[in-house]
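If you want the building blocks of each chain, they are given just below.
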Amino acid sequence: MTSIADQIAGPPVADAAALAKDDAVAAAAPAITLPVAGERELRLDLFRGLALWLIFIDHLPPSILTWFTIRNYGFSDATEIFIFISGYTAAFVYGRAMLQAGFVVATARILRRVWQIYVAHVFLFTIFLAEISYVATSFENPLYTEEMGIMDFLKQPDVTIVQALLLRFRPVNMDVLPLYIVLMLFLPLILWLMKWKADVTLALSAGLYALTWHYDLYLTAYPNGVWFFNPFAWQLLFVFGAWCAMGGARRMSRILSSPVTMWISIVYLVAALYVTLTWHVPQLGHMLPHRVEEWMYPIDKTDLDVLRFAHFLALALITARFLPKDWSGLKSPWLRPLILCGQHSLEIFCLGVFLAFAGHFVLAEVSGGAALHALVSICGILIMSGMAWLISWYKHSADKGASKTKGTGGNADMAGGGA
Amino acid sequence: MRSDFGARLGLMLLAGCLTAGSARAEDAPPNCEVPAYLLSSESSLPKVAEAVNSGKPLSILVVGSRSSSIASSEASAYPARLQAMLKEKLPSVPISLSVELQTAKTAEEAAATLVKLVEAKNPTLVIWQTGTVDAMRSIDPDDFRSALDQGVVALQNAGTDVVLINLQYSPRTETMISAPPYLDSMRVVAQQHDIPLFDRFAMMHHWNDSGDFDLFSTSHGTDLAKRVHDCLGRALATFVIDAAHLNPAQQN
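Protein sequences, first through last, are from chains U and V. Positions 1 to 419 (the working numbering) are the ones given, in order, by the first sequence. Positions 1001 to 1252 (the working numbering) are the ones given, in order, by the second sequence.
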């Protein structure tokens, strides 16, 4: 597994060290700060781990556990967390590589990572194909004659498989990795621009986002429709994460720590919570003025609606403010599984998608009630945690063997965070 | 505190698991109760109410895709069951019902035919079941919504009441067909035009969860389909009567 992670050896460059020191001085600043080399920003791992768990639960049929996922309490959901933190860590790891080893080497490393994600995606597609081929041949309930028509694509595997390799044919729940592949593919360009002028890069990204909405830019999918996560829009979150990692969060710290910002965020989160409640408790629906409804709906996930983006910002701000970097709970064994999952996110993400398929399958074969649903979710989370622990243990022992010849400056896991 | 909570949660889930297991063993009765909120709507059906209250015949047109039918036993599909239930509940009202199946047509394609259908059949109420084909073809939800919008406006301009019926809950194809964007769109359009939405998806989901029906079943027979459609027709009759603020007792 060490081969998957890029080794970032050697001491941090002076620039980064200075940044980190600045951050230590501005300890009151709630912004996510650049960790010193060798020291992990555990909050990032924690929340990415959480995002992975939530994505897994959201991919299963709804059960009791679904009520614990954040999409029921506001506009944004785990995908936003995942993409933002991915942008942040990717910029952090590969940005440093770019400073040390230069543009070409860093680009090569990023492309290797892209390849790994692509292979992982194709692997998951194969499993999906196996599952539905089975369902297509064994399941023939007259109640669902219409729905089973979806299997028709199995009749022309020549087209389907090629389209899947081109990332244009994506089954349900397999949309995140293609988005991630595209975003990572443009990471060298993003980092290169960021090195030149970070704020301009962010402005360009926001400009592309605005153009996407104005001109309705999208990528087509096969057999029809569009990419569920529009990369032209979602790049904003990824670039924003990268911008924060490259010192943007530090420069914004004054705004972030102001009580005005905090109260705006809290009011917005409460308002979003209220709106979300009206979805689940239809009786509340008439409490929402019609004009607000007309202005607000639809809240578009494909193009990362501004309301979703703002909701994520508010959530991140409040979290960073009330959960300090040195919070003792981050060392607690209870949060350990989450942090471990966050540290090996590509592996655990893929495992999560696979387990979601498997979970669907088990639920279909065993036909259990709500309790079995919950049980399947919990088992999945246990398996994900166990796997994360195993990978971590393996990496640790492998690193030990390798560290006799190497310095301890680099942390391989941090790059594993690239996913 | 936290560990205590975790332990308790675990126990609760375990207990839930055990009770669910025993309930299943006793074999759930084949009734299909529906939570009250799924059977009522804030929107109303003024044209239906007017027709019934003034003693005119009630003519209903069901426009739907294949999930509005059962192959080779149309009399057991939910439209026919709806008619039977309405006749039972409103014995003094002459009720005619026709079904227009539009197999493999998206909402946009179906919407284009609605005006002609209404002109030909002149119904009081159009029940429009849609969404499944769009979800299967992953039509852009925005396009789906505007097609729905156009269809509903056309029907309202033609002077009929409208009820929307959303997708079936189909657990076996859940990993292949993404229903939520289409369910959301239908809810939004219903809200915007103040028309009742018959939430077939939520109902079937409820029946599956409560053990009334095993929708995962691999059975090839039409028995399950017939029973589900019977329950759907029954619920739809109650829904229509409620939305039109009719009082079945009055009619007797």
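You may find that some hints are simply not true.
Covered stretches of chain V (in silico footprint by chain U; criterion: 3 or more residues with CB under 8 Å from a CB of chain U, positions within the stretch not fixed) [as the list claims (entries may be wrong)]:
1. 1053-1067
2. 1124-1131
3. 1159-1173
4. 1214-1220
5. 1232-1242
Here are some, though not all, of the chain V residues that point toward chain U, as calculated from beta-carbon distances under 7 Å [to be verified]:
6. Ala1202
7. Asp1209
8. Ala1225
Derived from the structure by calculation, the hints contain no laboratory data. Predicted model, so just to flag it, every value in this text is computed and none were measured. In this text, a Cβ means the ideal position worked out from N, Cα and C, and glycines have one as well.
Each hint, compared with the structure:
{"no.": "1", "hint": "1053-1067", "in the structure": "holds (count 3)"}
{"no.": "2", "hint": "1124-1131", "in the structure": "violated (count 0)"}
{"no.": "3", "hint": "1159-1173", "in the structure": "holds (count 5)"}
{"no.": "4", "hint": "1214-1220", "in the structure": "holds (count 7)"}
{"no.": "5", "hint": "1232-1242", "in the structure": "violated (count 0)"}
{"no.": "6", "hint": "Ala1202", "in the structure": "violated (10 Å)"}
{"no.": "7", "hint": "Asp1209", "in the structure": "holds (6 Å)"}
{"no.": "8", "hint": "Ala1225", "in the structure": "holds (4 Å)"}
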